[in-house]
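A.B. asks: Next come the chains, spelled out residue by residue.
There are 2 protein chains.
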Amino acid sequence: MIRVGVNGYGTIGKRVADAVDVQPDMELIGVTKTRPNFEADAARRRGYDLYAAIGDRLPAFEEAGIEVAGTLADLLDAVDVIVDCCPSGVGERNREIYRAHDVKAIYQGGEDATVAEASFNARARFEAARGADHVRVVSCNTTGLSRVIAPLDETYGVEKVRATLVRRGGDPAETGRGPINDVLPDPVTVPSHHGPDVNTILPDVDIDTLGLTVPATQMHTHSLNVTLSCEPDTASVRELLREEDRLFLIPETAAIDGAGKLKEFARDVGRSRGDLWENCIWEESINVVGRDLYLFQNIHQEADVVPENIDAIRAMCTDESPADSIATTNRTLGVGLESMASRSDGGREPLVADD
Amino acid sequence: MIRVGVNGYGTIGKRVADAVDVQPDMELIGVTKTRPNFEADAARRRGYDLYAAIGDRLPAFEEAGIEVAGTLADLLDAVDVIVDCCPSGVGERNREIYRAHDVKAIYQGGEDATVAEASFNARARFEAARGADHVRVVSCNTTGLSRVIAPLDETYGVEKVRATLVRRGGDPAETGRGPINDVLPDPVTVPSHHGPDVNTILPDVDIDTLGLTVPATQMHTHSLNVTLSCEPDTASVRELLREEDRLFLIPETAAIDGAGKLKEFARDVGRSRGDLWENCIWEESINVVGRDLYLFQNIHQEADVVPENIDAIRAMCTDESPADSIATTNRTLGVGLESMASRSDGGREPLVADD
Chain A
1 MIRVGVNGYG
11 TIGKRVADAV
21 DVQPDMELIG
31 VTKTRPNFEA
41 DAARRRGYDL
51 YAAIGDRLPA
61 FEEAGIEVAG
71 TLADLLDAVD
81 VIVDCCPSGV
91 GERNREIYRA
101 HDVKAIYQGG
111 EDATVAEASF
121 NARARFEAAR
131 GADHVRVVSC
141 NTTGLSRVIA
151 PLDETYGVEK
161 VRATLVRRGG
171 DPAETGRGPI
181 NDVLPDPVTV
191 PSHHGPDVNT
201 ILPDVDIDTL
211 GLTVPATQMH
221 THSLNVTLSC
231 EPDTASVREL
241 LREEDRLFLI
251 PETAAIDGAG
261 KLKEFARDVG
271 RSRGDLWENC
281 IWEESINVVG
291 RDLYLFQNIH
301 QEADVVPENI
311 DAIRAMCTDE
321 SPADSIATTN
331 RTLGVGLESM
341 ASRSDGGREP
351 LVADD
Chain B
1 MIRVGVNGYG
11 TIGKRVADAV
21 DVQPDMELIG
31 VTKTRPNFEA
41 DAARRRGYDL
51 YAAIGDRLPA
61 FEEAGIEVAG
71 TLADLLDAVD
81 VIVDCCPSGV
91 GERNREIYRA
101 HDVKAIYQGG
111 EDATVAEASF
121 NARARFEAAR
131 GADHVRVVSC
141 NTTGLSRVIA
151 PLDETYGVEK
161 VRATLVRRGG
171 DPAETGRGPI
181 NDVLPDPVTV
191 PSHHGPDVNT
201 ILPDVDIDTL
211 GLTVPATQMH
221 THSLNVTLSC
231 EPDTASVREL
241 LREEDRLFLI
251 PETAAIDGAG
261 KLKEFARDVG
271 RSRGDLWENC
281 IWEESINVVG
291 RDLYLFQNIH
301 QEADVVPENI
311 DAIRAMCTDE
321 SPADSIATTN
331 RTLGVGLESM
341 ASRSDGGREP
351 LVADD
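Read top to bottom, the protein sequences are chains A and B. Read in order, the letters of the first sequence correspond to residues 1 to 355 in UniProt numbering. Read in order, the letters of the second sequence correspond to residues 1 to 355 in UniProt numbering.
For the record, the hints were derived by calculation from the structure and aren't laboratory data. Treat the hints with care, since some could be wrong.
Treat identical chains as interchangeable: a pair holds within one or across any two.
[Stated by the list, open to error] Subject to a maximum C-alpha distance of 20 Å in a straight line, what follows is the list of computed EDC-like cross-link-like pairs (lysine to aspartate or glutamate): (1) Lys261 / Glu62; (2) Lys160 / Glu231; (3) Lys261 / Asp186; (4) Lys160 / Asp206; (5) Lys160 / Asp74; (6) Lys160 / Asp56; (7) Lys261 / Glu320; (8) Lys160 / Asp77; (9) Lys261 / Glu154; (10) Lys261 / Asp102; (11) Lys261 / Asp18; (12) Lys160 / Asp319.
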């Protein structure tokens, strides 16, 4: 059993903790919080051992009546790998602590690529993390782009990618963020940093990205153009993408017009927190014009990196094949909405660990 | 003097009426409304003669205490040209009425191109409307795309245009429209109808467009990619676009990050209704990567077609040159924000007619 800790039980950390908890080959040792807020309370209610991320804040948890098992240092002494889910930039500052405790560490995409030996995406760059001590799981947007570009590049060759990323202003719980009733070029300079980040996963892909931020909280939306090296027909591309197990092709019959109905669907089929781990691609939008492929896809910024973190743990700590790791992750979490949509049990069963 | 009427004193019609009213060679005979609502009241307060668009609704205006000068038929008998600013589809139904009264007619971009003899954009396709009886001024988005593509095509050659149109969900006064907190592929099929509409103005340009709708009301935002036939440097492209008098290059020093500050600027300099007749292009966003030009531009959906309607009237009713007509329109309205931004009088003077 791989002993795993999660440093930072926030938006990503809570989901990674849940995912680790249902893996047959992993044991969730505990999670950390800096403050005894509602998330700390929820972690305890879920039965997770809670550690104070900052040692001298232990009394605050006691005063709030929330039981803690120790501090981050105690957690680090008890795990093989720590998944850092702290806010951007904090992960890099934590790196020396992890090294001092001689634990492997996974960082999130908010950190610079230089924080780790390798950037990771299970579909496109699993082996780069094999046996590594410090690995960075790329951001939600980079994960979403890599998953769809990789099979296109392997099958047709990619000459150029141009993507406009219409980004949610903040997560649903981030009440302090904007914009309200506006669309912001963000960053206003073009190309944005997202393209170079994709190159940490797919170094040879020529990609220019543009970022906008809009008054929505639920998901990112990508307007994607891929100029291919050949001219496949639209039906072939749809079939190629449909075969990918972390891409969900939204069928026209589903009558899903945006993130609201997508997440309603996820909740209706029993997904924890209404999470969508898959890229959600409107099948109707997939179209090839000459060598230009276009599509719209939605990315759940809180969720799509969660299965990637699980696979990164296996790449770092085992010799399991990419295919076996991905299959285990998908099965235990219930990744794969197309099969879920057609399943009679509504997809609830995979949320129960089968070990 | 060209005698002009406006059929439909709504979002576009009220602005066209104001613009006609300050032209030295035009006389605003009157405007129509179907109902005696706040806009009808405002038309009278501005001193415009008001006509009932539907004859049998005359009593409703009398009951509301709003004076009317007659019906649409009376207005049509008194004008040389009628500017139809009715909701999409109504313009086409009105065409026979205009023909019966032997008046020239301008339609808006919500109508199919087949409604008129020619589609019009002052910068790119002025002469097509010369002497015509029925002309369609293309939509706000098509106007915005045509204005920026035309000089690029003339100067560098355009190999392909790919544009993602991030559209406002509704105008500020359209309280019944959405989305709230969502981003909708709209239409979900790609390419969207906007590209073919640009081809009514620039028939030889290869263009694919993608449409999204977001929870914002103030302006459309275009994420534009133009693959050029050569590799100009970024500075040259910026200068080329800066020279265009209906393009406003937002300087970095202005610290304008979105539509909110853009419209605040327009109000601060005294623009009627805070209108922005120009494409608003973030100068920092203009960048050439190889032969790929990128930029972000905002389009004020309520306003950018207004000067185009004025120029269309001159193309249909006079032999004035495109340059002279555009210059007169720009001077009388005060089009041109770059000069306005640097003018000591804050740009208020042009709103007064100088005839």
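A.B. asks: Please go over all the hints and tell whether each is borne out by the structure.
C.D. replies: Quick rundown of the hints versus the structure:
1. Lys261 / Glu62: The answer is neither: 41 Å in one copy and 47 Å across copies each exceed 20 Å.
2. Lys160 / Glu231: both (14 Å within a copy, 17 Å between copies)
3. Lys261 / Asp186: Intra 26 Å, inter 15 Å, cutoff 20 Å: inter-copy only.
4. Lys160 / Asp206: both (5 Å within a copy, 17 Å between copies)
5. Lys160 / Asp74: neither (48 Å within a copy, 59 Å between copies)
6. Lys160 / Asp56: neither (51 Å within a copy, 60 Å between copies)
7. Lys261 / Glu320: Neither: 37 Å inside a chain and 54 Å across chains, both beyond 20 Å.
8. Lys160 / Asp77: neither (46 Å within a copy, 58 Å between copies)
9. Lys261 / Glu154: Neither way: Lys261 and Glu154 sit 32 Å apart in one copy and 45 Å across, limit 20 Å.
10. Lys261 / Asp102: Intra 45 Å, inter 51 Å, cutoff 20 Å: neither.
11. Lys261 / Asp18: neither (24 Å within a copy, 43 Å between copies)
12. Lys160 / Asp319: Neither, since 34 Å and 47 Å both go past 20 Å.
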